[in-house]
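S.K.: Sequence:
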Amino acid sequence: MAVQANAGEAEGKDHRANAEVLDEKCAVPPDFDAAIINTVHDVATQRGVNDKVMLAAFEAGWVESHMNNLNCGDRDSLGVFQQRPSAGWGTPEQIMDPVYATNAFLDQAIPNDQEDPSMTAGQLAQSVQRSAFPERYDQSEAKAREMIDTAANS
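This note's numbering puts the first residue of the sequence shown at 1, with every later residue one more than the last.
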């Protein structure tokens with residue numbers, strides 16, 4: 001799940017990506033893990049998702065963890081999408097499995113996209129992640145597209 005706002009952040013005073021805010025409590029690498037982007041891409045491709053759902057997954061993964069499988073996070077958040085066991089995403093072990101985590105994200109993103117196809121990829125990511133910083137997903141579109149291209153060509 002998404003990183004919660006700290007004092008002052010909800011008022012728009014902190015415009016860093018969630019992964020950068022998280023870095024104060026949890027070491028977040030500055031760039032993606034190739035194995036993670038390949039896994040997310042492979043799972044999404046195997047499920048036949050459309051381009052927007054694929055982009056939403058990569059935007060969420062970048063904003064939440066810089067596409068790394070983090071074993072730490074805000075509160076009990078874990079993994080590439082910073083999903084929380086206490087919020088019903090699964091056990092810590094499940095969430096730390098990038099295949100499981102990607103499927104859990106897609107299990108919500110696919111029907112949300114079908115219900116409201118007018119959403120941008122970032123809005124779709126927000127509909128799943130419920131971040132305190134909803135604009136950050138659309139802001140990461142260029143990086144997400146770069147990672148999708150990298151994974152597609154690996």
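Calculated directly from the structure, the hints in this document are not laboratory data. Any given hint could be a false lead.
As the list claims (entries may be wrong) - Have a look at the derived ranges for each label pair, beta carbon to beta carbon:
hint	residue 1	residue 2	range
1	A142	A34	16 to 24 Å
2	G48	D116	17 to 25 Å
3	P117	A27	24 to 32 Å
4	P29	E135	19 to 27 Å
5	S118	C72	13 to 21 Å
6	P30	D116	13 to 21 Å
7	K25	E135	19 to 27 Å
A virtual CB, placed ideally from N, CA and C, is assigned to each residue, including glycine.
S.K.: Taking the hints in turn, state whether each one holds.
M.R.: So, going through the hints one by one against the coordinates:
1. As the Cβ distance of A142 to A34 is approximately 19 Å, the hint placing it in 16 to 24 Å holds.
2. Between G48 and D116 the C-beta distance comes to about 20 Å, which sits within the given range of 17 to 25 Å.
3. The hinted range of 24 to 32 Å is not satisfied by P117 and A27, whose Cβ atoms lie roughly 38 Å apart.
4. Here the CB-CB span from P29 to E135 is close to 23 Å, well matched to the stated 19 to 27 Å.
5. In this structure the hint that S118 and C72 lie 13 to 21 Å apart at CB is violated, the actual value being about 36 Å.
6. Checking the proposed 13 to 21 Å range against P30 and D116 shows it is violated: the Cβ atoms sit about 34 Å from each other.
7. Taking 19 to 27 Å as the suggested C-beta distance range, the pair K25 and E135 conforms, at roughly 22 Å.
The structure is inconsistent with the numbered hints 3, 5, 6, although it conforms to all the rest.
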